[in-house]
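Visitor: Could you slot chains B, C and D with the ligands onto chain A? The hints should help.
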Amino acid sequence: MRRVYLDHAATTPVHPEVIAAMLPHFHNSFGNPSSIHSFGRESRQAVDEARELVAKILGATAREIVFTSGGTEADNLAIQGVALAKKGQGRHIITSQIEHHAVLDACKYLETQGFAVTYLPVNAEGQVQIADVLAAIRPDTILITIMHANNETGALQPIREIGRLAKEHKITFHTDAVQAVGSIPVNVDDLGVDLLSLSAHKFYGPKGIGVLYIRNGTKLKPLYHGGGQERKLRPGTENHVGVIGLAKALELATTEMDTKQAKIKALRDKLMGGLLAIPEVKLNGHPEERLPGNVNVSIRYVEGESLILSLDMQGVAVSSGSACTSGSLDPSHVLLAMGLSHGEAHGSLRLTLGQDNTEEDVDYVLGILPPIVLRLRQMSPLYHKR
Amino acid sequence: MRRVYLDHAATTPVHPEVIAAMLPHFHNSFGNPSSIHSFGRESRQAVDEARELVAKILGATAREIVFTSGGTEADNLAIQGVALAKKGQGRHIITSQIEHHAVLDACKYLETQGFAVTYLPVNAEGQVQIADVLAAIRPDTILITIMHANNETGALQPIREIGRLAKEHKITFHTDAVQAVGSIPVNVDDLGVDLLSLSAHKFYGPKGIGVLYIRNGTKLKPLYHGGGQERKLRPGTENHVGVIGLAKALELATTEMDTKQAKIKALRDKLMGGLLAIPEVKLNGHPEERLPGNVNVSIRYVEGESLILSLDMQGVAVSSGSACTSGSLDPSHVLLAMGLSHGEAHGSLRLTLGQDNTEEDVDYVLGILPPIVLRLRQMSPLYHKR
Amino acid sequence: MNSYNEKVMDHFKNPRNVGSMDDADGIGEVGNISCGDIMRIYIKVDGEERIADIKFQTFGCGAAIATSSMVTEMAKGKTLDEALVMNNKDVASSLEGLPPVKMHCSNLAADALHAAIKNYREQKLGHKDISDAAEAHTH
Amino acid sequence: MNSYNEKVMDHFKNPRNVGSMDDADGIGEVGNISCGDIMRIYIKVDGEERIADIKFQTFGCGAAIATSSMVTEMAKGKTLDEALVMNNKDVASSLEGLPPVKMHCSNLAADALHAAIKNYREQKLGHKDISDAAEAHTH
Ligand SMILES: Cc1ncc(COP(=O)(O)O)c(C=O)c1O
Ligand SMILES: Cc1ncc(COP(=O)(O)O)c(C=O)c1O
Ligand code: FES
Ligand code: FES
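Chains as they are written, first to last, in this note's numbering: chain A, 1 to 386; chain B, 1 to 386; chain C, 1 to 139; chain D, 1 to 139.
So here's chain A without its partners, still in its complex pose:
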């Protein structure tokens, strides 16, 4: 059976060149980067080089790059770390209703610790409005955290504008760029962010490794304590293999990014067109200002999981809502925030394309999906009631 992977927003396969870059460091150059002997120095050098490379690509300096165990940790370190460091100055945080759970749940935790959080709404296209950010700013606002691109709809947020506002008001600004990095250009100065999270497994790197970019001078306290690694902000023996893989993956993803992403976007547009040609299918998120690989549609009268399972039975991997919230049954908080009805949110489908997808993949999906939709609709009491 043909297998078509259209869930690159959930995770990506590790690129063969990334595997090749990591491989020698498992068994040959395996030293602890903190050891002073030659085995350790080799690892230290590899970590240093990787850090330089990541910094260069993001427009940062090496000491502003802190490696974490992934996006969730980077988000938590940013949000809880700033809260811990600045709680003397204020206890108000601004975020949005469409953030990833790593951000939302960190904020909800802080609410239990005496912080006040404003969850900004979004418009029907899934975008935060800059006027809402401005209106939410209070004298005691210490942090704004708004994602760069949404993980469900791919909708891009006005990070530059928020960056400018944050600077004017001297508020620390974090962006969760986990979905953006590797798909669109990301430069920390251009965006005007103080903190930025990314995660390697979203751009053909390994799982379990990410970065928190921390602009020099940003006040932040660590969440856990131990050896002096990562300037004490994230102690523990460095996962040097992961770091090497992350840097290599980032380098590959950002080399000829325009060409690669244009190809992905062309396929995506074809897929989007085909899906929207099915009756009563509606696009979620902004039609243009979205990640090049993302389509998100609501298919009326059909429930998401049945759709995924049916596609899966024919070899096609897609998702509904966010794959990160395994076991969650609630309809997507992102789509609800955009004003979708429960039924529309529950019948959403996210298809996210990647570098290896082909036109045949798109044709295959467009071929099998309509009969599946028809079958499920015929099973649905809502379809008959309409």
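If you are wondering where the hints come from, they were derived from the structure by calculation, not from laboratory data.
Please note that a few of the clues may not be correct.
[As the list claims (entries may be wrong)] Computed list of lysine-lysine pairs in DSBU-like fashion (alpha-carbon distance at most 30 Å, straight line):
#, chain 1, residue 1, chain 2, residue 2
1, B, Lys108, A, Lys232
2, A, Lys219, B, Lys232
3, A, Lys87, A, Lys167
4, A, Lys108, B, Lys232
5, B, Lys221, A, Lys221
6, B, Lys108, A, Lys219
7, A, Lys232, B, Lys385
8, C, Lys7, B, Lys56
9, A, Lys86, B, Lys221
10, A, Lys87, B, Lys232
11, A, Lys232, B, Lys56
12, A, Lys108, B, Lys219
13, D, Lys7, D, Lys55
14, D, Lys13, A, Lys56
15, D, Lys13, B, Lys385
16, A, Lys270, C, Lys13
17, A, Lys86, B, Lys56
18, A, Lys282, C, Lys13
19, A, Lys86, B, Lys108
20, B, Lys221, A, Lys87
21, B, Lys56, D, Lys13
22, A, Lys86, B, Lys86
23, A, Lys221, B, Lys219
24, C, Lys76, A, Lys385
25, D, Lys78, B, Lys385
26, B, Lys221, A, Lys219
27, B, Lys108, A, Lys108
Guide: Just chains B, C and D with the ligands, lined up with the frame of chain A:
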């Protein structure tokens, strides 16, 4: 030049069979374990199997195993997590002066948050005394955290006895078994622990992955928040490759452990004998109750780093103090707690053997070390003053 | 949540008794308040108060579809009283279990059946018209 | 801390002027309070108050040994007054830099030299005996 790695307590090379077990999961079975399609289910199954295996080896059940990004995170999750969960019941914690920085620094952090910590002394052989534990217990003691084997001297601690005491007094008991797991048998029921930390890179697994064992019923709060992974105790996309590698490494390390460790111990004893034959060299830590691969000696009149560099110039990798505290200049807190003088602590050398070391390795080290010691002593003002 | 057993998958792939009924004697519809999914059951009752025919329509997840299919299989041929003692657990165990987070999905099945029986009885007593199917909400 | 440059490693591997002096004109010993390491410098002073010969003994890390070696090289042949204006930074930069965490190690070098000069001058003034070398403590 011959290269001899004698720093297995700092980290180990990943075993070729572990690499082989991980390799297919980078690019082929790469799905996000939380995805419901077949790519996700494959990863989920691999993670589930790994969890079962780890649980079985430790004498635990699968749901008691929480994967973390390493030993430092496991220690912090255990200590801060219990403190957060039980602060209503009491705010006193008992630990020892010889813990790893991941434990010590987590405790020191809690002291700034209104907790009281007792740092138990050790005897001259580097072992915590059970009577001291008993004497330290207070009505408001919520946690005892004592390491299983020390990372510098390899000295084994009376975990079973402390486990019994903790149970009698209904106090949660955590052990940092990062150095013990893979070198000696570790069974959670046998030890009577509620929480136990381990880290894969200490037993021929990859870096950046560890486990916190959490006995059913133990109260613990997470340190960061996000998706529902690892029963919400440690959210974030699972590093399934790391998990698979950890389980495989643990399986290999615990298969025929007796035979493997007896071989290591025999080499260690030869090395230890040879080192102690050098004048004014003294063993640190208990002569018998120590990890099979560990030798730790103080070489009088000589400073540790110069010794390491000199050995490194001849291809031999060893350490002084703990490799985990890169950039730290203080003499080992462990050796000072054992009553060593500053000079003795500063001239300590830790040699830790592993599965691949040979008799030739030991002979080589015993051949080159005496002239190095002599040279450094002749450079030392202390040697001349004696 | 991502591993249904083979029996569940079989009922998801080839659901028994899907469809509607123009001349149903009773219709039950329930909505699941945990997730908002909806199930509707149509029954045809014979002279001995047995379920002679049964059909379902479901807007819901894989587990919801599989349990709908299973409950119709189990109910067919039973008397109404027999059908009323069947509960949600029975349906789940006939499917050889559901993943823990999916247990709540099985709540729909027996409840929709019971609602259909209730609807049939109310009509017989002349309380209600067939056209407004008994609607109920469950956990 | 784990990457010394080549120049530092050269001085560590082949330290210049190691040893003691039986007939020293001045001896300086300093201990580093950051780490407890110890450096001792012996000088022989000629009639023009020039450092005719110099030796060191060090109990310390790689950086301590390399800076000891470097400071003796730099001091040799200088007048005492010239030697007194040399500071720790000069030594570190002659070694083309030290890792940040090792900068404090270079504190020993110039200080030990200055202590030796002080010891020589105090003896000349008859204040002190050669046998108790001037001891100082630095950061
Ligand atoms: C926007 C966003 N933020 C954070 C995360 C969490 O990253 P990780 O899975 O590396 O913990 C994800 C994906 O999982 C994401 O899509
Ligand atoms: C006893 C002990 N605890 C904790 C750790 C920390 O583990 P990790 O390096 O995986 O963070 C180490 C080693 O680094 C250790 O030896
Ligand atoms: S999730 Fe709604 S019935 Fe299963
Ligand atoms: S560490 Fe003591 S002098 Fe360098």
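Visitor: Are the Cα positions of Lys87/A and Lys232/B separated by 30 Å at most?
Guide: Holds: Lys87/A and Lys232/B sit about 26 Å apart, inside 30 Å.
Visitor: Would you mind confirming whether the straight-line C-alpha gap from Lys221/B to Lys221/A stays at or under 30 Å?
Guide: 19 Å, holds
Visitor: Would you mind confirming whether the straight-line C-alpha gap from Lys108/B to Lys219/A stays at or under 30 Å?
Guide: 20 Å, holds
Visitor: Is Lys7/C close enough to Lys56/B, meaning Cα to Cα at most 30 Å?
Guide: Answer holds: Lys7/C to Lys56/B is near 29 Å, not above 30 Å.
Visitor: Between Lys221/A and Lys219/B, does the CA-CA distance stay at or below 30 Å?
Guide: 25 Å, holds
Visitor: Would you mind confirming whether the straight-line C-alpha gap from Lys56/B to Lys13/D stays at or under 30 Å?
Guide: Answer violated: Lys56/B to Lys13/D is near 51 Å, above 30 Å.
Visitor: Keeping to a limit of 30 Å between CA atoms, is the pair of Lys86/A and Lys56/B held or broken?
Guide: 45 Å, violated
Visitor: Given the hinted pair Lys86/A and Lys221/B, is their Cα-Cα distance within 30 Å?
Guide: Satisfied, since the Cα-Cα distance of roughly 23 Å is no more than 30 Å.
Visitor: Given the hint that Lys270/A pairs with Lys13/C, does the C-alpha gap stay at or below 30 Å?
Guide: 29 Å, holds
Visitor: Is it true that the CA of Lys13/D sits at most 30 Å from the CA of Lys56/A?
Guide: Violated. Lys13/D to Lys56/A sits at ~36 Å, over the 30 Å cutoff.
Visitor: Given the hinted pair Lys7/D and Lys55/D, is their alpha-carbon gap at most 30 Å?
Guide: Holds, at roughly 20 Å.
Visitor: Take the C-alpha atoms of Lys78/D and Lys385/B, compute the straight-line distance between them, and say whether it is at most 30 Å.
Guide: 29 Å, holds
Checked against the numbered hints given earlier, the structure breaks hints 7, 11, 14, 17 and 21 and satisfies all the rest.
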